[in-house]
Amino acid sequence: MHRYYIIPLVFLLSVITAHAQTKTRVVPVNVAEAVFAPFWDSTMAELKNWKTEGNVFQMGFYVKFAWERKNPAAPVARMLKKGPIDCSGYDKLLAAVNLPPGTRLKISIVTDRAVTLSSEWIVKSDSKEEYAMDMNGAERIDEISIEIYPGTDNTPQSGWISWLGFRNSSLMEKSRAQWKKLAAQPLDIFLAPPETVPSFIPLYGLVINAPELKEVRKKYQDLSKRNDFDYFPIKKDINPEKYIREFIPIANPGIFARTADYEFEPLRLRNLAEAAIVKKDAAALRLAAKMAVAIALCPNWDAGFPIFFTGSSFEQRPFAQAAIVYEVAVALDLAWDMFSPAGRELIMRRLAIEGAGYINYSIWKHAYIFKNNQMAAFSHGRIAAYIVMEKRNWSHVKPYSDLAYQELCESINNILLPDGGFPEGTAYLQYTLACAVPSFVAYAGARGKDLKSIVPAKLAKVGAYADAFISTDRRGGLVPFSSGQGEGRHGDLTGVAFMASLCPESQWVTLFREKLKKDMPSGGLIVWGMENKIPKENPQTKAFVNLPDMCAMASTRTYDGEAVKMLLFGGSKNFAGHQHEDRGSFVLEFGGDTYAMDPGGKDYSESGAEEIKYCQVHNMLVPTGTEERPHAVIPSPEDVRPEGSGDEKAFNASINLTPAWAQYYKKWSRCISSPSPDIFIISDDYELLKGDGVDFIWMTQLPVKVDKSSNTITLDGKDTSASIKVPENALIKTEELPLRNEKMTKIRIHMDGVKNKFEVSVKLNVKK
Numbered sequence: 004m005h006r007y008y009i010i011p012l013v014f015l016l017s018v019i020t021a022h023a024q025t026k027t028r029v030v031p032v033n034v035a036e037a038v039f040a041p042f043w044d045s046t047m048a049e050l051k052n053w054k055t056e057g058n059v060f061q062m063g064f065y066v067k068f069a070w071e072r073k074n075p076a077a078p079v080a081r082m083l084k085k086g087p088i089d090c091s092g093y094d095k096l097l098a099a100v101n102l103p104p105g106t107r108l109k110i111s112i113v114t115d116r117a118v119t120l121s122s123e124w125i126v127k128s129d130s131k132e133e134y135a136m137d138m139n140g141a142e143r144i145d146e147i148s149i150e151i152y153p154g155t156d157n158t159p160q161s162g163w164i165s166w167l168g169f170r171n172s173s174l175m176e177k178s179r180a181q182w183k184k185l186a187a188q189p190l191d192i193f194l195a196p197p198e199t200v201p202s203f204i205p206l207y208g209l210v211i212n213a214p215e216l217k218e219v220r221k222k223y224q225d226l227s228k229r230n231d232f233d234y235f236p237i238k239k240d241i242n243p244e245k246y247i248r249e250f251i252p253i254a255n256p257g258i259f260a261r262t263a264d265y266e267f268e269p270l271r272l273r274n275l276a277e278a279a280i281v282k283k284d285a286a287a288l289r290l291a292a293k294m295a296v297a298i299a300l301c302p303n304w305d306a307g308f309p310i311f312f313t314g315s316s317f318e319q320r321p322f323a324q325a326a327i328v329y330e331v332a333v334a335l336d337l338a339w340d341m342f343s344p345a346g347r348e349l350i351m352r353r354l355a356i357e358g359a360g361y362i363n364y365s366i367w368k369h370a371y372i373f374k375n376n377q378m379a380a381f382s383h384g385r386i387a388a389y390i391v392m393e394k395r396n397w398s399h400v401k402p403y404s405d406l407a408y409q410e411l412c413e414s415i416n417n418i419l420l421p422d423g424g425f426p427e428g429t430a431y432l433q434y435t436l437a438c439a440v441p442s443f444v445a446y447a448g449a450r451g452k453d454l455k456s457i458v459p460a461k462l463a464k465v466g467a468y469a470d471a472f473i474s475t476d477r478r479g480g481l482v483p484f485s486s487g488q489g490e491g492r493h494g495d496l497t498g499v500a501f502m503a504s505l506c507p508e509s510q511w512v513t514l515f516r517e518k519l520k521k522d523m524p525s526g527g528l529i530v531w532g533m534e535n536k537i538p539k540e541n542p543q544t545k546a547f548v549n550l551p552d553m554c555a556m557a558s559t560r561t562y563d564g565e566a567v568k569m570l571l572f573g574g575s576k577n578f579a580g581h582q583h584e585d586r587g588s589f590v591l592e593f594g595g596d597t598y599a600m601d602p603g604g605k606d607y608s609e610s611g612a613e614e615i616k617y618c619q620v621h622n623m624l625v626p627t628g629t630e631e632r633p634h635a636v637i638p639s640p641e642d643v644r645p646e647g648s649g650d651e652k653a654f655n656a657s658i659n660l661t662p663a664w665a666q667y668y669k670k671w672s673r674c675i676s677s678p679s680p681d682i683f684i685i686s687d688d689y690e691l692l693k694g695d696g697v698d699f700i701w702m703t704q705l706p707v708k709v710d711k712s713s714n715t716i717t718l719d720g721k722d723t724s725a726s727i728k729v730p731e732n733a734l735i736k737t738e739e740l741p742l743r744n745e746k747m748t749k750i751r752i753h754m755d756g757v758k759n760k761f762e763v764s765v766k767l768n769v770k771k
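Residue numbers (this note's numbering): 4 to 771.
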């Protein structure tokens, strides 16, 4: 027998409505603020709760907006969410958003008071900002919309949103007071008595051992007297208590930290401890110990609340933890007798749990870490923590130290190419070395082995990288290319010093001697211990360097006493992160200036960090007249490798770029012919599949003059100049681009037609 039940329609509709309007989680992040839209965590899928218009999508740890030039009166992106969202107890709505300067942001809310409130802002900074709007006593939001209006810039642009939340303004001071009260507490319980006389001898040998330190002290005293310069300055006005805070924003602060934390001072703990032990300054060594304790008392060793958000599994990866662990471990090594038992045990606990524990979690979870620079980035903290545990007689730790060392070697062997090349740009190679070298130094010291005997053999081939990419620009360093947290020209002195000692016939030596003039005070004990193992004289520059596995080629010659450098980029089929759409691009340096430049990298937290990768801002041949923005395929389906030869007089190279551009070009090959150092002929033989013409793009920071009557472009350097002759039927346009907050000029040389041979000739001149 069937039974039938009548469900009242009103009840059924109420159930359906309740299901459709799922209550939004409003999660406190401190006593005064809460977040209801955690866009940074893709697993929480906040974006699916929004209706979007325009190019709005989840990307990494934010929701991104991307657009090309549109009508400034119409939004290029719109997001809409229906409530209810409980905002009771809060008076401000907060939005953490990054947009290009000149963009207009509009946020509107419909509240329980049946009113619509709107606020608008014209963006002035390319950094993330927290925008706050008054909710006028609302206790519930029934609808919220976000609209992005473009500025006047006519280049492709993008921005992102990290989170939306609420604030109770009256409780903000209470939130701040919590950490002020903790920082005001005395730290003597964690420190040795003030009258303690330290041994000034390293305990664990993470950066240097006792005999090496003795030699460094002697060298320091001799150099200081000879040059009347303090190579180990001690800043004694440091206030360690200011590091007692909720977060330590040193890794990607522009993305994850609060805007109030942007001015956080970098950690200088290791520098302080090293200077104190070299100079035998007991007060400074105690100050270093105090600073280490203050950092240990900070509960969250990362940039901000998104990494520790209640209910979220999001992780930034342990960049911050590794860096902090290394600094604190070195302080414990050098200032060990300035801690009390309570201080030492506190630090050991943090090194083991917040340090090694968090680092291992990421390494165990993510296999890709073994195939890129991140293993090196995490290993200096990981290995330092393990070695300190070993030396503290934690009897079962040693196998983990050995495994950490072996995994670092595995990763280095995975990422270095057989020819000495590296799949990413100069910024990331230097970052990799800066993190890997301290790891190897610590491990070699713990095992009583020579440093060179424990590093992967592949590292010895990386001399070729410096030979190819050393810059002749007066700014020095390596030629910047590809992405990184900044331009990428200069790196940490520690990695450069080690490579100079490992590859004494390479241009790492020149880079080291160049940087030594500027960076010796901040070089640290590892650098001071290596300096006498590095040749005093710079090796001769190689006229021609070919890196076939990296798919790059370099020529360095002289003309009338001035250096001339040409770099040609291809690209391998093996994917590496942070790559640009630069297959076929080139760099030209002359007389201490860069005539044709690569824009390099940009801080990932800033607007434009994605657009700086585009082929449209590299020295490329780009199709025009397409509906979408044309771009190369990354990674390309096959190696795109330059072929060529060169010597002190001539350089010739060619590259078939069709595989990387197969969706736009039926064929495209580029040839660079330079019969003498002052003459370059760049010819592009192409046939389009899409588009109605091409732009030959030339990027520079030098003053540009265009003579349209002769179709000649003149670039004016400090002591030199260049004349660029283009085809008679080509159209020349220039525009200034604010990439990396620096003035860069993009020269567009346009040619109509789907098939042609485009030839540009360059004549270099020395001013007399």
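Bear in mind the hints are in silico, worked out from the structure with no lab data behind them. Hints may be right or wrong, so weigh each one.
In the DSS-like style, the derived pairs of lysine-lysine whose C-alpha atoms are separated by at most 25 Å in a straight line are [what the hints assert, rightly or not]:
| # | residue 1 | residue 2 |
| --- | --- | --- |
| 1 | Lys652 | Lys73 |
| 2 | Lys238 | Lys228 |
| 3 | Lys183 | Lys217 |
| 4 | Lys652 | Lys670 |
| 5 | Lys394 | Lys455 |
| 6 | Lys652 | Lys520 |
Simulated restraints on C-beta separations [claimed, not checked]:
| # | residue 1 | residue 2 | range |
| --- | --- | --- | --- |
| 7 | Ser45 | Asp650 | 51 to 61 Å |
| 8 | Arg179 | Asn58 | 33 to 43 Å |
| 9 | Asp755 | Gln61 | 36 to 46 Å |
| 10 | Gln61 | Ser111 | 15 to 25 Å |
| 11 | Tyr371 | Lys708 | 24 to 34 Å |
| 12 | Gly63 | Lys771 | 44 to 54 Å |
Even for Gly, the Cβ is constructed at its ideal location relative to N, Cα and C.
Consistency of the hints with the structure:
no.	hint	verdict
1	Lys652 - Lys73	violated (50 Å)
2	Lys238 - Lys228	holds (20 Å)
3	Lys183 - Lys217	violated (41 Å)
4	Lys652 - Lys670	violated (31 Å)
5	Lys394 - Lys455	holds (23 Å)
6	Lys652 - Lys520	violated (32 Å)
7	Ser45 - Asp650: 51 to 61 Å	holds (52 Å)
8	Arg179 - Asn58: 33 to 43 Å	holds (39 Å)
9	Asp755 - Gln61: 36 to 46 Å	holds (40 Å)
10	Gln61 - Ser111: 15 to 25 Å	holds (23 Å)
11	Tyr371 - Lys708: 24 to 34 Å	violated (48 Å)
12	Gly63 - Lys771: 44 to 54 Å	holds (53 Å)
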